[in-house]
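Once you've looked at the hints, dock chain G against the given chain X.
Sequences listed follow chains X and G, in order.
Taking my numbering, the leading residue of the first sequence gets 1456, the next gets one more, and so forth.
Taking my numbering, the leading residue of the second sequence gets 499, the next gets one more, and so forth.
Take the hints with a grain of salt, since some may be wrong.
Calculated pairs, DMTMM-like style, for lysine to aspartate or glutamate (alpha carbon to alpha carbon, straight line, at most 25 Å) [to be verified]: (1) G/K939 - X/D1565; (2) X/K1826 - X/D1908; (3) G/K802 - X/D1947; (4) G/K943 - G/E993; (5) X/K2038 - G/E566; (6) G/K939 - X/E1616; (7) G/K798 - X/D2026; (8) X/K1511 - X/D1947; (9) G/K568 - G/D705; (10) G/K802 - X/E2043; (11) X/K2038 - G/E859; (12) G/K941 - X/D1614; (13) G/K943 - X/D1614.
A short, non-exhaustive set of chain X residues, derived as facing chain G with CB atoms under 7 Å [as the list claims (entries may be wrong)]: (14) E1526; (15) L1627; (16) L1641; (17) F1669; (18) V2030; (19) F2034; (20) P2054.
Simulated from the structure, these hints should not be mistaken for laboratory data.
Backbone N, C-alpha and C define an ideal beta-carbon position, used for all residues, glycine too.
The primary structure of each chain is shown beneath.
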Amino acid sequence: MDFLAVLVVFLPLLGFFLSGIFGEKFGNQFSQLTTCGLLGISTVLAAYLFLRLGLKEETLFITLFTWIRVEFFEVTWGLQLDSISLVMIAVVTLISLMVHVYSIGYMKGDPGIPRFMAYLSLFTFFMLMLVTAPNLLQMFFGWEGVGLCSYLLIGYWYDRETANAAAIKAFLVNRIADIGFVLGILTLFIIFGTLDFSGMFELIGEHYDDSFVFLNGQYHALSLACFLLFIGAMGKSAQIGLHTWLPDAMEGPTPVSALIHAATMVTAGVFLVVRLSPLLEYTPFVREIMTLIGAVTALMAATIACVQNDIKRIIAYSTCSQLGYMFMAAGLSGYSASMFHLTTHAFFKALLFLGAGSVIHAMSDEQDIQKMGGIWKFVPVTYAVMWIGSLALAGIPFFSGFYSKDIILEIDWVSYLPIGKISFAFGITAAALTAFYSWRLLLLTFHGKPRADEAVMGHLHEAPLVMLLPLVVLAMGSLFSGSLLYELFVGDETNFWVGAIFVLPEDEVLKAAHHVDKWVHWLPTLVSFLGIGVAYLLYQFAKGWPERLSTAFSGIYTFLCHKWYFDKLYDWLFVKPAFRFGKILWEEGDQEAIDGLGPNGLAMLSMASGGILCRLQTGYVYHYAFAMMTGLVLMIGWYYFFR
Amino acid sequence: MATLPLLSMTIFLPLLGVLVICLNWGNSEIVRANNARWVALWTSLVTFGLSLVLWWNFNEAVSDFQFEDKFQWIPLLNVSYHVGVDGISLPLLILSALLIPISILASWTSIQVRVPEYMIAFLVLETLLIGMFSALDFILFYVFFEGVLIPMFLIIGIWGGERRVYAAFKFFLYTLLGSILSLLAILYIYFEIGGSDIPLALTTPFDPRIQIWLWLAFFASFAVKIPMWPFHTWLPDAHVEAPTAGSVILAGVLLKMGGYGFIRFSLPMFPEASAYFTPLIFILSVIAIIYTSLVALVQKDMKKLIAYSSIAHMGFVTLGIFTVDAQGLQGAVMQMVSHGLISAALFLCVGVLYERIHSREIADYGGLVHRMPRYATIFMFFILASLGLPGTSGFVGEFLVLLGSYQVDTWTTCFAATGTVLGAAYALWLYRRAIFGPLLKPKLKSLLDLDWRENLIFAPLVISVFFFGIYPMPLLTMMEASISNVIDQYNLALEVAGDDLVDPKKSLEVALFK
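So here's chain G without its partners, still in its complex pose:
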């Protein structure tokens, strides 16, 4: 088993599916569409299976990268194809591999035009996402990181709602703008270390005065992706216009790219700069939690409401990451995984309604529990998970983040904790308007409850949210070694730097006049 290039197989298997879809057999549009669906589903399921095999063979005791594959890619530039995973990327990798088959299943009937192309987009997206989380070469990473934009742009722009073009461009430009800056930083690092190997860069100490600028360049990219306030306005638009499965991937995985970037690059490579900017991150996180929760409270569009709630939840992630202690960081990763499951499920819940009624307006619903009791139960479960009820995975992440941040700064924790009240307010208020109350609207009277396909979509999400709520240890142990490695490295660097803290003015001079 160990001799097989398991990780590379996981990354590129979806492309094999793409190839098969491209063969495009079948004599009518309908048959071709159906074939594409089945191929995509099976490919993604096998990929998910492979990711579980990775988990099974993963050695939790060490913090090194595992399942590494490395060979020259562009020898002239000293760029290589180098992949590997550790305890930080593996959970997110598995999350991506889980959500893709769910997305494909969720699009089974709702997507009726250009089905093969749609499925190809999702499979390509899967390759890029998994590749992004496992890339260990900056150029490779950048290719995957940016490449993700293309299928996502197409998914929103082609299969999206009415204002899809505006949303797609906003999404694309926003994220691109941030990434360009990070490309500059990557180029700098490339010339500094004479190569693009990530493990090498992670252990190279950078001049603290340069760190500030590199940190900011990466921040531009990651803060837009995650998104942090005030770079968040692309997200609600993108979600509202994206098809259901697009939202699932967007909220479930794409947002995590930012958090992953912070942990993978910003903390280990620029420890002094991270310490310097920690107050800024804390303030922005707290603003995100409270601001977006309040905004979510007054939304009339279900998807927008959930989108805003995502931003608030991501506020906990950024908060946790920059506490740089074991509880905060593990909490942040836990929160990322858990939010990936919960927000995906919530968008699927909205999707179920949208497929039936073709409206996202909360006011168009009410009293659904009368016709759809099973749906109401599942929706309630995820609403509760979203507001962080103990016993669901949402609680574990949130609590650990609060525990971590409380040891660093009590103000931040208090503000963040108020976010949990607002989180309950908008979630329950949404549920109350959509699901409870008398069933008055004639359009809703013939609604059908979830069918077997929809049950199948929700089942894995319900099980994992519940399971990781009462027993999160598999995830926590998986990430433990890698995260404590990040923390040790960070603390060591700060110790070396000592009192010689970063002076922004000096770093400005260095950057301008070097």
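Okay, chain X solo, but in the shape it has when bound:
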């Protein structure tokens, strides 16, 4: 069993090395076969582990070897397989496999296929390391590793200026958030003296009330640590303020967007807070902040998604928004609901992205939905799966998103924290907007009159089988994962999460959430239908209206089109000053002040004084004689008068 678990994690790494080193030599097919094959084995093993361990509520710890040990600080490499990591492993390997297979078709003709496949496998490895980490530092290893792969894959088409800029932006925004992560790790180490999850959770009873002096204030140590870690989670999971990198990340190839920037990597932040549930339970303040941030993000991103025209950006903002839901639930102690939504979301969002990729593929790389339309007959499978994905996303009954979003909103409603009701309102509004932008996307992309030119329309074709197959698998997931997993994940009787998720008795919300009023249960569905209705109205029946609305509310419209001005603000606040400041420090600080006063100044001084002294040495004997005479007179005079 141990060996199998190690294989699950390390086979993708092997795939990376094989494809990366020998890919050029043995060709594209070699790297496609090895990466997909190894990941396929990994996926099967992951499913096996899930069935063997997950369903039996067993936990497996594997220790590999020591990483860093200095005095009493010790971290080891290892794997921890409990229910949350098993769920993540299953989801990650399955979706990653689908994306790998899809990429064979999607990236056809690209000159860098071995490199692309290698990056995808490397990403999978890091993601698996992240979710199986038995301690925070190894988690950070995976965390930074997936960030690296995200950087490499966003900038995959390195000739493009925008892709490079987006890649660096993604890396740096995440790095800023990671300051929080690192400081959080340090704080937790000071509190507990260990970074192992099991070790920390055991000691919680002794340390839940510790305080810690940070900067100049004294804080509740656990709250401080969790808050800092949450900043890290906000970066990776693109929550408001640190979300700006995610939409830009769409510069990467579409399979990357599906795998990294929708289904797996961006959920790492959510995974982190779920993993730390035993700590978070003692920090209600941080959880309230988390809920608030999640709620605001869910709404903000949904509003922006309503006015975007790039098909991938719409889905990207939608991802932001859905991640907000997950934090909302986690903040109210609904960790299992977070995991549930994470799982269903992974299916339908990967599906939507890959479907969008198929559309882009069909439309000769067009991404603007204003230039699409009327193509549904030509790409029937894609059209069908996009419908399924949208239905799941909008939370229409019996599709997967319905179950997970519903339970989150119910938790919002029943939570005793005051923030719960606020987040419920935000969540409902965002749900309506979600349905609206999803159908806006569907209608503009597939229906109406074709707005693309002849050449593009002439080329229209359904994707090859190798791309359709993953779409169908994911569509199955979007259809059934909700209803199949409901009882296991968030049911009344479930013991699935025992040992992995911890909720204080007073915070127990799940049971109450199952017994809310009927209207709370059906309201999300109702507003979703409303959103769909409005979308039909505006984009199918009253076609002049969107135009008119945007001019009538031009203030709001520009505000949304500029994405709430986050990018402009940051550019003005951080990016430009950093460069300007660097220039000033270099030119004024180093060259003028330090060199001017230091070495060059001294050099000038000695040159100048040397020049003056030089003049004394005239070479005329009578000058020297005169000087000697003067000196003699002074010396005698001094002796005469003072001694």
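Frame of chain X, contents of chain G only:
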């Protein structure tokens, strides 16, 4: 094995190579140059091998000096030839022994004039560096410490770039000025303890009021070497003008002399003064990390950019040293070794380009990945290591330093942590401009990827950065005992001193009117 004077052999073996080169056989300039290259390479490789033998026979459990050799040198002055290594000097010794053959290999084709002299300079440099790290007598130490300047001065001044003379003098004067002050301090210690034995001095308690001045004298020397802000401006100039291999040694080993000095001398001999000046060091380190990172962001010259990044990385080292706890100090040594590998590799990366295009301007490049994929991969690896990605040795050092400093002062740690963002910014920005983008410049279109010699140069660096990133334990255990000894001694001294903290005014009076 134990009876052989292994350490002394390691120190002086390179001089044997010098002797062989001096014989200067061969009937033409080209043959002589080639012979010199091969002799230098083999000598340095055997020296490296010997340093590994040292490691193999090193007893990690004890903190004492090992492989000691001691005999009278100048009996009249009670100065002896005394060498030995412990867990603090051995990693740096091995690092030096590793980087010299790499430097020689890197100069294989790029140096075409005065090749034998060049090789002699490097071998002499190797003897001096290894000797410096193992000297256990102050006079001997000073000879090695200062002696290093001479070959380095020549390497920059003769085989350097256009402004090499300015840079060489700046380098020389700066470091000399600092060292003169430390010589004064050494003389004081010499008269105080009646000899120049380092182990003796390390266990002699000094009057706290005198410590302040001795500490400052040593600080002048070490702060210039490492270099700390604001004594750093010689470094970018020296790097820019130095030949590639010169930069490798300069960044890889010479900067570590300062950090080594702080750990070896300042902490154990002047504990009270160190405690007194710790806030100053913290402030200067943080300024170094942020200031130089910002400056690195706007550099147009690749070598200058990497030079500035070195200063920022050294800021972590000084920060770690003066936390005086196990994590911080081991992190600092780890960071020194790791920076030695990574910055050496980055300068080699620039060297590869310089040899082909003869330009260091970032603007002259762009889109290199199209012609040089292997080079791009290796460069990317070291860029990532430089920004401290987990899994590379850079992360281990940085993280341990932060862990150590967080227990001492959270402000410092927060500021230092922002440095990691800036570090990522300038590193990726450099890479993006040089390597990514379309290949437009006609000059670059006929570039060739790395050849086997260049692969050979990078291979050991890639392997060790990666290896120590995931398994740094060999290094950490090597230094563990010695470092905990330093810490215990330091804490003991402070405990004895108690609340009787050093008063600067009083120490001023003592110094002036004693």
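Now the hints, each set against the structure:
1. G/K939 - X/D1565: holds (24 Å)
2. X/K1826 - X/D1908: holds (8 Å)
3. G/K802 - X/D1947: violated (64 Å)
4. G/K943 - G/E993: violated (66 Å)
5. X/K2038 - G/E566: violated (50 Å)
6. G/K939 - X/E1616: Within the cut-off at roughly 16 Å; holds.
7. G/K798 - X/D2026: holds (21 Å)
8. X/K1511 - X/D1947: holds (17 Å)
9. G/K568 - G/D705: Answer violated: G/K568 to G/D705 is near 29 Å, above 25 Å.
10. G/K802 - X/E2043: Roughly 17 Å separates the two Cα atoms, so the pair holds.
11. X/K2038 - G/E859: With a Cα-Cα distance of about 17 Å, the restraint between X/K2038 and G/E859 holds, given a limit of 25 Å.
12. G/K941 - X/D1614: holds (18 Å)
13. G/K943 - X/D1614: With Cα atoms ~15 Å apart, G/K943 and X/D1614 stay inside 25 Å; holds.
14. E1526: Holds. Min distance 4 Å.
15. L1627: With a minimum Cβ separation of about 6 Å from chain G (threshold 7 Å), the hint on X/L1627 holds.
16. L1641: holds (4 Å)
17. F1669: holds (5 Å)
18. V2030: violated (9 Å)
19. F2034: With a closest approach of 6 Å, the X/F2034 hint holds.
20. P2054: Constraint on X/P2054 satisfied, holds at 5 Å.
Consistency note: the structure conflicts with the earlier hints numbered 3, 4, 5, 9 and 18.
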